[in-house]
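Below are the chains, spelled out letter by letter.
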Amino acid sequence: MSISDTLNQEQIAWRAAQDIADGAYVNLGIGFPEKVAQYTVEGREPIFHTENGVLGFGRAPARGEEDWDLINAGKKAITLKPGAAFFDHATSFAMIRGGHLDVAILGALQVAANGDLANWRVGDKGVPAVGGAMDLVNGAKRVAVLTDHVTRDGQPKLVSKCSFPLTGVACVTRIYTSLAVIDVDRDQGRFVLREKLPTLSMEALQAVTGAPLFTEGDVADLIVPELS
Amino acid sequence: MSISDTLNQEQIAWRAAQDIADGAYVNLGIGFPEKVAQYTVEGREPIFHTENGVLGFGRAPARGEEDWDLINAGKKAITLKPGAAFFDHATSFAMIRGGHLDVAILGALQVAANGDLANWRVGDKGVPAVGGAMDLVNGAKRVAVLTDHVTRDGQPKLVSKCSFPLTGVACVTRIYTSLAVIDVDRDQGRFVLREKLPTLSMEALQAVTGAPLFTEGDVADLIVPELS
Amino acid sequence: MNKQCASVAKAVADIPSGATVMIGGFGGSGAPIELIHALIDAGPTNLTVINNNAGNGHVGLAAMIEAKMVAKLICSFPKSKDPRAFTERYLDGRIALELVPQGTLAERIRAGGAGIPAFYTPTAYGTELAEGKAVAEFDGKPYVQERWLKADYALVKAERGDPYGNLTFRLAARNFNPLMCMAARTTIVQVSQLVPAGDIDPEIVVTPGIFVDRLVEVTDPAQEELLNEAEARYP
Amino acid sequence: MNKQCASVAKAVADIPSGATVMIGGFGGSGAPIELIHALIDAGPTNLTVINNNAGNGHVGLAAMIEAKMVAKLICSFPKSKDPRAFTERYLDGRIALELVPQGTLAERIRAGGAGIPAFYTPTAYGTELAEGKAVAEFDGKPYVQERWLKADYALVKAERGDPYGNLTFRLAARNFNPLMCMAARTTIVQVSQLVPAGDIDPEIVVTPGIFVDRLVEVTDPAQEELLNEAEARYP
Chain A
1 MSISDTLNQE QIAWRAAQDI ADGAYVNLGI GFPEKVAQYT VEGREPIFHT
51 ENGVLGFGRA PARGEEDWDL INAGKKAITL KPGAAFFDHA TSFAMIRGGH
101 LDVAILGALQ VAANGDLANW RVGDKGVPAV GGAMDLVNGA KRVAVLTDHV
151 TRDGQPKLVS KCSFPLTGVA CVTRIYTSLA VIDVDRDQGR FVLREKLPTL
201 SMEALQAVTG APLFTEGDVA DLIVPELS
Chain B
1001 MSISDTLNQE QIAWRAAQDI ADGAYVNLGI GFPEKVAQYT VEGREPIFHT
1051 ENGVLGFGRA PARGEEDWDL INAGKKAITL KPGAAFFDHA TSFAMIRGGH
1101 LDVAILGALQ VAANGDLANW RVGDKGVPAV GGAMDLVNGA KRVAVLTDHV
1151 TRDGQPKLVS KCSFPLTGVA CVTRIYTSLA VIDVDRDQGR FVLREKLPTL
1201 SMEALQAVTG APLFTEGDVA DLIVPELS
Chain C
2001 MNKQCASVAK AVADIPSGAT VMIGGFGGSG APIELIHALI DAGPTNLTVI
2051 NNNAGNGHVG LAAMIEAKMV AKLICSFPKS KDPRAFTERY LDGRIALELV
2101 PQGTLAERIR AGGAGIPAFY TPTAYGTELA EGKAVAEFDG KPYVQERWLK
2151 ADYALVKAER GDPYGNLTFR LAARNFNPLM CMAARTTIVQ VSQLVPAGDI
2201 DPEIVVTPGI FVDRLVEVTD PAQEELLNEA EARYP
Chain D
3001 MNKQCASVAK AVADIPSGAT VMIGGFGGSG APIELIHALI DAGPTNLTVI
3051 NNNAGNGHVG LAAMIEAKMV AKLICSFPKS KDPRAFTERY LDGRIALELV
3101 PQGTLAERIR AGGAGIPAFY TPTAYGTELA EGKAVAEFDG KPYVQERWLK
3151 ADYALVKAER GDPYGNLTFR LAARNFNPLM CMAARTTIVQ VSQLVPAGDI
3201 DPEIVVTPGI FVDRLVEVTD PAQEELLNEA EARYP
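As you go down the protein sequences, you meet chains A, B, C and D in turn. With my numbering, the residue at position 198 of the first sequence is 198, and numbering never jumps. With my numbering, the residue at position 187 of the second sequence is 1187, and numbering never jumps. With my numbering, the residue at position 150 of the third sequence is 2150, and numbering never jumps. With my numbering, the residue at position 184 of the fourth sequence is 3184, and numbering never jumps.
Derived by calculation from the structure, the hints in this document are not laboratory data. Given the structure is predicted, the values throughout are model-derived calculations rather than measurements. Possibly wrong hints are sitting among the right ones.
Calculated pairs, BS3-like style, for lysine-lysine (alpha carbon to alpha carbon, straight line, at most 27 angstroms) [as the list claims (entries may be wrong)]:
#1 1076(B) to 1141(B)
#2 2141(C) to 1125(B)
#3 2133(C) to 1161(B)
#4 3068(D) to 3010(D)
#5 125(A) to 81(A)
#6 2133(C) to 3010(D)
#7 3133(D) to 2133(C)
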């Protein structure tokens, strides 16, 4: 089946940004998750952390004004906000592993109902590269995933068991997809649906989800602005 | 038996100072070992480390000019030399445990022929206090001991096996006593005599030593200046 | 965001009886005297305190002990010029002591802050301070397994701080303070100077603000050494 | 004492074939390009290199790989804009790879410098990167045992250095550099500015000189990113 009315990446990022509290310490994965920073809620000031030793960075500099000693984990040039700090890699990952980050937001290949995450490797071909993903998923207080609800060819990315190599075991706490917001109940190893697109039936959502969706009380409408 | 011609603490400290190379990183224990700094050999510049996070400190300040944020491990006020650095306690003991210190010089209650050291506690009475001694003896490249050769009541402090609680196992590399300079051959678990007071016979020295003294080649005369 | 508290009293007001509290400093250097005295005023009891020492004289940690607030002390060197507050209570069994080699104490606190539940160290191998601890061999050498140390609260003294909690420390008053900032659920810092965000060069920040929860400015803070010279007593 | 070397060539001249060499930097930020190029000129082979990445383009670490000097790479992220130097050799089996999660890599290097032979981390538990490693439970949670990493040499880039080897770093070019200073038997540092002893405030020293063996001044050092924009190639 296909679902025509889905959120785009901007809208998924916007929805994730709504859950970031003022003053939260946040690490955004390379690529899609970086978009979350653009949708910071008015009046809130999250503090962004990057693995290579910067806390409190801001937007990218203007083209031609890059300083290549001032980059983020994606090796893109950044700028600093007042109150920023530099530190070495051991301290940077002490922040991650030690539970000091409030939320890490990552992309996913697959998320299982118990919170297992696969997002670093498709198979055993090519050059493997892991970066800081395995540290982030085992360290941050909340581990949120941004993802299309299904793969390009329509297969579920929310599954009962990951078939790709794992990044972490029972680590994901919330999933923001193109169709829904789903919590992981790690105690019981199950997905709990919190919000879904109002035009989408429960049955249609379940049909594109690879593990049962449970509910606890009401399921709210997932409503986001037009963004592109 | 009693031996009348012995080195005083100043002279023992002087002798230990002769073995400190230019540029060596050195930690001196509280009390007696601190005297070694006074006898630094002309033209050499050892760099002194203290557990509480200072490298490159110098003499005590004049009375009344103390800054009580600038102290050594003995909680005495110190001054800085050019090229000094401050760091936290974890980094300070990374220097120690990680093998970056060239020599630690400590006092001793007893040293055994295999290099076991007892210097932190006499028995199980009173308040125990260990400080950084157990880290130093397991970390520095050389662990030297300064000590009278015998206790106040004439008992050997160099023994075949320590009777006091250990500070470290097979850790001491050289002992500077009031009568001799003795290396610890940790591979074979034996004392090797390097220098002795010229007026002292081998037999007399052995008689006040609690384990056999071996020799390898010549035993040099232990000659030190008059100091008090 | 602003982590500033209006007073030392407010900064420590919620520390409950039974809490584990790390207190920075090495002897008097870096000891957060004003925060400690505020905690004495607040009066929680049955505390486990982690500090390198056990107090000196009748101020700071020694005064806390005299106020019967401390059930257990974890430290490396419970001796000082005037250690009577601790010594008397320890010898008659009113206060428990966990003695830890100084480098192991520092590393255990860092491990608590860094999410490392256990590590191996050569320190204390073969001594009574390793009794009951797991031992393992690596590359033919024996090492002792040590566990992380964490706390409910840390009381810390720093020199400059900004509203984000970024800190610098003065001279050797740094010592255990940056480590304890990392290892407590709630880190409370007295700074001698609170400065606007951006005033501390990001390259010279010693403790990044993520490790700090509350800041209170205490200008011209007391030095334990000088209080003791003056034979001060708290309260 | 003066740890200064006259040239980058002299600073790296004794690094032999078969050595393990840590190289600082995260991508191009903090990469000691001039020291790496001097090492390419010296030409030792069969090296094990520890770096976060695996080179980019045809300069720095990528050029070392192209010069057939690297037998094994220990890194967390062997990808970049232009990773061909590594990728081609890895895929046809001419270079070995030990892939390590980034935080575990940093902590293993720190452990090597701090005399901690092994530690436990939650990172990689239950994944293929923990296969064959000891697992232990602490407080009911499983952790993976990881070993220290040490090296024969470290090549490091710093901003300011004094004759004692005290260092500061520029912006985010700090990254792995201070850790690698601690973990190598011989640490070789290129500094953009060599200053007299006393010029670096002891409170802002990032790497104390005890961790540094050799210093060489390289004013106006190259940036890998800009070399690659210019399609540079070494030699």
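Taking the hints in turn, this is what the structure says about them:
Taken as a hint, the residue 1076(B) and residue 1141(B) pair is honoured in the structure, with Cα atoms around 26 angstroms apart against an allowance of 27 angstroms. Of the supplied pair hints, the one linking residue 2141(C) and residue 1125(B) is violated, its CA atoms being roughly 32 angstroms apart against a limit of 27 angstroms. This hinted pair checks out: residue 2133(C) and residue 1161(B) have alpha carbons roughly 23 angstroms apart, not beyond 27 angstroms. Distance hint between residue 3068(D) and residue 3010(D) is fulfilled; the C-alpha atoms sit about 22 angstroms from each other, no more than 27 angstroms.
The suggested pairing of residue 125(A) with residue 81(A) is violated, with an alpha-carbon distance near 41 angstroms, which exceeds 27 angstroms. Pair hint residue 2133(C) plus residue 3010(D) does not hold up; C-alpha atoms about 48 angstroms apart against a cutoff of 27 angstroms. Note on residue 3133(D) and residue 2133(C): the hinted pairing holds, with a Cα-Cα distance of about 21 angstroms set against a maximum of 27 angstroms.
Hint check: violations occur at hints 2, 5 and 6; the rest are consistent with the structure.
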